[in-house]
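**Student:** For reference, the chains in residue letters:
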Amino acid sequence: MMTLLGISPQLLFGQLLIGLINGVFYAMMSLGVAIIFGMLRIGNFVHGAQYMLGAFGAWYLLNLPDLFPSLGLPSLNYWWALVLVPFGVALIGALMERLFIRKVYELEHAYGLLLTVGLAMLIEGLFNVRYGAAGQQYNIPEALKGGVNLGFMFMPYYRLWVIVAGILVCVATWYAIERTRLGAYLRAATENPDLVRAFGINVPRMLMLTYAFGVGLAGLAGVMAAPIYQVSPQMGHSIIITIFAVVVIGGMGSISGAIYTGLMLGVIEGLTKVFWPQASTTVIFVIMVLVLIFRPAGLFGRETVAAHAADMSTARPDSILENGRLWMAILAIGGTIVPFFIYPVFGMKILCLALFACAYNLIFGYVGLLAFGHAAFYGSSAYVAAFTAASWGFPTELAILSGVAMATLLGAIFGWLAIRRQGLYFAMITLALAQLVYFYAIQASWTHGEDGIQSVPRGYVFGVINLNDPMAMYFFVLAVFLIGFGVIYRIVHSPFGQVLKSIRENEPRAISLGYSTDRFKLIAFTLSAMLAGLAGGTKAIVFQIASLADLYFQTSADALLMTLIGGVGTLLGPIVGAIIVVTIQTELATLGSWVIVVQGAAFVVCVLFLRKGVVGTLEDWLSARVERKRIAAGGGAPVVERSSH
Amino acid sequence: MTTHVSDNIIEARGLTKRFYGFTAVDGVDLDVKRHSIHALIGPNGAGKTTCFNLITKVLQPSDGAIRFNGVDITAESPARVARRGIVRSFQISAIFPRMTVAENVRIALQRPVGTSFHFWRPERSLKVLDERVDELLETVGLLSLRDRSAADLPYGRKRVLEFATTLALEPELLLLDEPTSGLGSEDVERIADLIRSVSKGRTILMVEHNLSVVSRLADRITVLARGKILAEGPYSEVSTDSRVVEAYIGGEE
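Those protein sequences? They're chains A and B, same order as listed.
Take 1 as the starting number for the first sequence in our numbering and just add one per residue.
Take 1 as the starting number for the second sequence in our numbering and just add one per residue.
Simulated from the structure, these hints should not be mistaken for laboratory data.
Here a beta-carbon is modelled for each residue, glycine too, at the ideal position from N, C-alpha and C.
One should not assume that every hint holds.
Residues from chain B shown here face chain A by an in silico Cβ test under 7 angstroms; the list is partial [unchecked claim]:
(1) R83
(2) G85
(3) F96
(4) R98
(5) I107
(6) A108
(7) R111
(8) S116
(9) F117
(10) H118
(11) R121
(12) E123
(13) L126
Partial list, derived from the structure: chain A residues whose beta carbon lies under 7 angstroms from chain B [stated by the list, open to error]:
(14) N139
(15) I491
(16) S494
(17) P495
(18) F496
(19) S502
(20) E505
(21) S512
(22) G514
(23) Y515
(24) S516
(25) V595
Construct the entire structure; sequences and hints are all you get.
**Tutor:** See the structure below:
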């Protein structure tokens with residue numbers, strides 16, 4: 001048998017085939033994401049969950065008799081599923097658009113992403129509660145069993161079918177959008193909805209159908225995937241981050257680009273499995289980094305459209321709740337009293353996560369950049385602190401500082417890469433980069449894979465204070481938190497912070513005043529990463545462990561959720577959010593998978609009904625009360641009339 | 001530096017901008033004399049704002065070169081040309097809505113101080129600028145509103161505030177994009193007076209639709225139509241040019 005570079009043709013072609021299959025799924029999925037993004041300006045994070053729904057839909061149809069024994073329903077096979085399920089999933093998509101997504105079109109794009117993140121957590125969480133992590137088997141349909149021997153490899157019929165059918169679906173979609181009248185209306189509607197409305201076209205319905213169509217594609221991909229992969233609640237979650245990376249690599253504004261990129265990356269991934277198996281999980285993210293460096297607009301993208309920082313801050317600068325000195329004192333006193341009433345461990349968890357959320361708020365709330373990968377900074381610092389303390393015997397403070405240094409370095413690099421693209425792309429890039437770090441930690445030897453670094457010694461601070469005493473540990477964490485909180489307050493209220501504020505409020509104007517806004521954003525991003533690292537490193541010492549969970553997507557989502565619940569861009573919001581989220585997680589810990597469902601629901605509720613968060617709402621209420629009192633006291637009308645411009 | 005700097009602060013040669021097959025600005029040669037008020041006029045879609053965006057580097061020209069004080073700035077970033085002293089205003093009022101009136105002006109004064117990257121310094125350190133902030137607000141008549149949130153100002157005042165912010169940078173060349181658009185007649189007068197009063201020792205290039213403002217303020221007028229220069233000269237000359245009259249009245253057909 002002839003071999004190529006010591007690799008048998010069976011292995012090579014086998015992996016190429018798997019790569020091509022994956023590529024077909026990437027293409028179908030990224031096509032849907034690109035259409036929804038292009039037409040609706042929604043970063044459809046729930047796309048993975050919708051793909052999972054497709055696979056489960058097929059499985060349900062097959063098992064109808066077992067699921068509803070009393071109804072006497074027939075078992076519907078693969079071919080029925082192929083026709084029915086995409087419509088079913090599209091219908092669910094239409095419903096989701098009508099009930100939720102439609103409500104955020106007029107808002108900052110970030111809300112669309114947050115909403116779909118919540119919906120994804122909700123759906124995947126519910127399936128996880130019902131089916132757990134185990135996958136369900138779905139057999140290859142009778143007609144496509146077996147395969148043909150091509151001489152150099154064995155080609156299963158089902159895989160051949162998936163490749164051919166998937167590519168045909170992609171081409172048909174491309175044709176419908178780029179070459180038909182309906183597609184022309186669609187493209188026009190995204191440019192100028194009012195104009196298209198004036199032609200007598202029902203734009204909201206069109207947008208709903210577009211969303212349903214993109215989602216239906218995901219459902220179709222799910223059905224096709226069911227016989228190949230296991231049908232499991234997690235199947236969509238692992239693919240969506242890769243899909244976002246594919247969309248970043250392909251670039252905006254090209255339907256055919258999404259198809260080529262998806263196929264190509266699947267094949268590259270397959271080849272990497274042959275030649276360098278360890279790198280196969282990360283190769284797509286590495287390619288994304290290279291593309292961002294050398295072709296920031298993406299392989300098929302046009303000139304990047306200048307989108308600007310989003311102002312999502314809900315703070316009222318003159319509110320008593322924004323008075324840093326006052327609250328620093330209150331937090332110091334409150335923090336000192338608290339451990340006598342609650343478990344110090346619970347208090348320390350809140351402090352660590354509150355600092356993490358405050359660090360996140362610096363970039364999200366005060367600069368208006370939707371970063372979505374802060375787990376990378378939190379987690380990498382936790383790992384480095386745990387490793388240096390456990391393996392190298394670093395004293396505690398030095399171990400934490402090493403972690404902080406690592407987070408700062410990563411922050412500078414990730415920031416430098418991500419700032420090349422704006423808006424939702426920024427979120428997708430930071431998400432993908434964090435995933436890169438996550439996959440690295442799974443494979444590296446010093447991180448001990450699934451086990452993480454355990455039994456990290458708490459040690460002594462400055463060689464004297466024994467942190468094995470819970471109270472000493474608590475007050476150390478409180479001190480770290482207060483320092484971090486003070487540093488953030490100083491940054492926000494500095495000459496630098498003033499420029500950040502102006503960038504958030506009106507970036508083009510800040511540029512026209514001579515500020516190179518990207519440099520300010522990069523420094524702010526690096527500082528935010530550094531402080532997230534401070535939280536992560538401290539956490540590793542407190543809980544004596546650094547694990548994959550610290551680097552996982554969920555940790556990034558936690559930071560976002562805490563900031564959102566508490567109030568984006570407010571002084572106290574992240575702290576209030578941390579208290580709420582940690583309490584929910586602790587109270588519901590016994591319910592296991594339900595935690596994710598509740599958190600997903602919290603995302604959705606916050607985006608739809610509580611965009612100002614707890615603290616932002618409170619600040620509004622306080623300010624309205626002051627105004628009422630002033631008028632009641634005969635203060636008269638305000639000096640300047642409000643204008644409608 | 002005084003060896004031989006030409007009389008022109010801006011010299012654009014063959015300035016061209018194409019957008020996907022449509023040529024918005026087509027080979028424009030534009031000279032702006034130092035210490036003059038120069039107006040760009042023309043019917044809608046003539047390429048006036050595109051010209052502005054090219055000079056302030058918000059857009060990159062497809063062709064041609066721009067020199068500012070004899071230095072080629074064609075390849076520079078928008079923030080860089082702003083630091084050179086070319087500062088623009090926008091068609092819609094460009095303010096920082098949730099900062100106070102005083103902070104709006106101060107953010108412009110802050111950059112030359114050189115502490116803009118100092119994230120460890122307290123905001124108090126900017127107090128030294130307060131005097132100059134108040135002086136500028138006094139000039140434009142906004143001093144009594146200095147601590148109000150900028151979002152609370154009526155539209156006309158917002159434009160005045162934007163103007164004060166722009167002035168704070170002591171720009172050598174001021175580009176005003178339709179400074180009177182959307183304003184009532186009283187505000188138009190106020191802005192026109194302001195423009196005249198700050199024009200001493202400065203160069204102003206403005207896009208303006210209000211021809212009575214142009215006739216009162218501008219020393220020199222360039223008329224653009226379909227991306228090309230149609231006529232150039234003082235108001236008296238340009239306003240009687242038959243091609244200009246046709247572009248404005250007959251061009252709509």
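**Student:** It remains to establish, for every hint, whether it holds in the given structure.
**Tutor:** So, going through the hints one by one against the coordinates:
no.	hint	verdict
1	R83	holds (4 angstroms)
2	G85	violated (9 angstroms)
3	F96	holds (4 angstroms)
4	R98	holds (6 angstroms)
5	I107	holds (5 angstroms)
6	A108	holds (5 angstroms)
7	R111	holds (5 angstroms)
8	S116	holds (5 angstroms)
9	F117	holds (6 angstroms)
10	H118	holds (5 angstroms)
11	R121	holds (5 angstroms)
12	E123	holds (5 angstroms)
13	L126	holds (6 angstroms)
14	N139	violated (51 angstroms)
15	I491	holds (5 angstroms)
16	S494	holds (5 angstroms)
17	P495	holds (5 angstroms)
18	F496	holds (4 angstroms)
19	S502	holds (5 angstroms)
20	E505	holds (4 angstroms)
21	S512	holds (5 angstroms)
22	G514	holds (4 angstroms)
23	Y515	holds (6 angstroms)
24	S516	holds (4 angstroms)
25	V595	violated (36 angstroms)
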